[in-house]
Amino acid sequence: MLLRDVPAPIGGWRTAVVAGVAHPAPDAVALRLDVADRVVHLPGQHYVVRLRADDGYVASRSYSVASAPADPQVELYVDRFPDGEVSTYLADVVEVGDSLEVRGPIGGWFVWDGTTLALAIGGGSGVVPLVSMLRHATGAGAMDLLRLAVSARSAEVLPYATELVAAGSLVAVTRDPGESVPPPARPVGRLTAADLAPLVMPGATSFVCGSARFAEAVSGLLVGLGVEPSTVRVERFGPSG
Amino acid sequence: MSGFTRGFLGRRRSTDPRLPPGQYDAGDDWPVLTAEVTPGIRPQEWTMTVDGIVETPTTWSWDEAHTLPASEYHGDIHCVTTWSKLGTSFGGVSVDVLLDAAKPRPEATHVMASSSTGYTTNLPLDDVRGGKAWVVWTHEGRSLPTEHGGPVRLLVPHLYFWKSAKWVSRLTLMDHDEPGFWERNGYHDHGDPWTEQRYQGD
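Protein sequence lines correspond, in order, to chains A and B. The opening position of the first sequence corresponds to residue 22 in the working numbering, with each subsequent residue numbered one higher. The opening position of the second sequence corresponds to residue 49 in the working numbering, with each subsequent residue numbered one higher.
It is worth saying that the hints were derived from the structure and are not from the lab. Glycine is no exception: its CB is placed at the ideal position from the N, C-alpha and C atoms. Warning: the hint list may mix true and false statements.
Stated by the list, open to error - Selected chain B positions facing chain A (in silico; Cβ < 10 Å):
| # | residue |
| --- | --- |
| 1 | G55 |
| 2 | L57 |
| 3 | T130 |
| 4 | G179 |
One chain only, chain A, in its complex shape:
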């Protein structure tokens, strides 16, 4: 890990008004938020959402931002876990016009400002911060700096699949090739060293985001391909209800 300071914006608690609710994948919700007095994020950063019951009980969780910094709204993508108290509320109850307490942006490590070479690899909902990177790069005309590889159980459950495919991302489908999208360009299975080798660039920072198992496997593949470990930035997460 390189120990250099990464100047990243940090925002405090804000009131957000829900401007859009979409369900881009089964068991998921994307919330479009108008954030009062918003601090503009960098791709890769996250927000905390805090819910407050009328008896004062609170629950908060962190969610990656999918939108580009230039987007006037903040888009959060949330996996819905059946037993999750926050994700089920956000997926099932929230309506346009609701107010939410949010805090962000947060995080100064897993961030990309769109000016350096980057290889971004995400698994499942770990693609969400990569989508922010992609949207930022597209808007800034910097797609030549960004290479993408993503993985999901099926194309149907891959967040933002259409957008990622259109951007030229390598897409690995590990179980079900599905029927509602173009046929997979590679055999069904997890990302391999052969997948990643053509994407590795000297001087690039690698961003790996996904489950602990995914992040471990992919960062191991990168190091095996000769990528310097200190240039790999990892965001691991587990289910958060």
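Take the given structure of chain A and dock chain B to it, following the hints.
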């Protein structure tokens, strides 16, 4: 914003006094959260050093560390991402033992913990002495798994768990405070879960 969230009832209210505010009981789960590539450190290559503002900078090998008086922690750990793991245990050596050997000078006020990956985290000296901190190599009686910081991690269970540096290899005594890795990247300098010192400004 002071009002409540429309339609939010909350499911996980716990009266367990071991849970700090805003935390939930992760049960048997132990999520892995790390910012860097997991290093493969062989125990025989690992060393632990206490240096900086001390009378006797000291380094222990794996074997030497295991000859120190064994110490265990039985209790809870709290991650800033809101999970807590209750009633768990770790084994290793008390940081007090390491400090007693290295002898911090009177002007030492803070500690920077460093890992072989380059990860750092800062702590007031008083938060790692007096039976509050350990260097541990077992979890619930088994070798500490690599993804959880094995072979050896720091354990400072009264603070959020990013202070318990994985793959720890060095404690450097300082006469001032300076931010470590997450502390430079938006997180709180101290990290007390009972007062929810999660992020800068809390």
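Structure-based check of each hint:
1. G55: holds, 5 Å
2. L57: With a minimum Cβ separation of about 6 Å from chain A (threshold 10 Å), the hint on L57 of chain B holds.
3. T130: holds, 6 Å
4. G179: Because about 30 Å separates G179 of chain B from the closest Cβ in chain A, which is outside the 10 Å limit, the hint is violated.
The structure fails to meet hint 4 from the earlier list, while all remaining hints are met.
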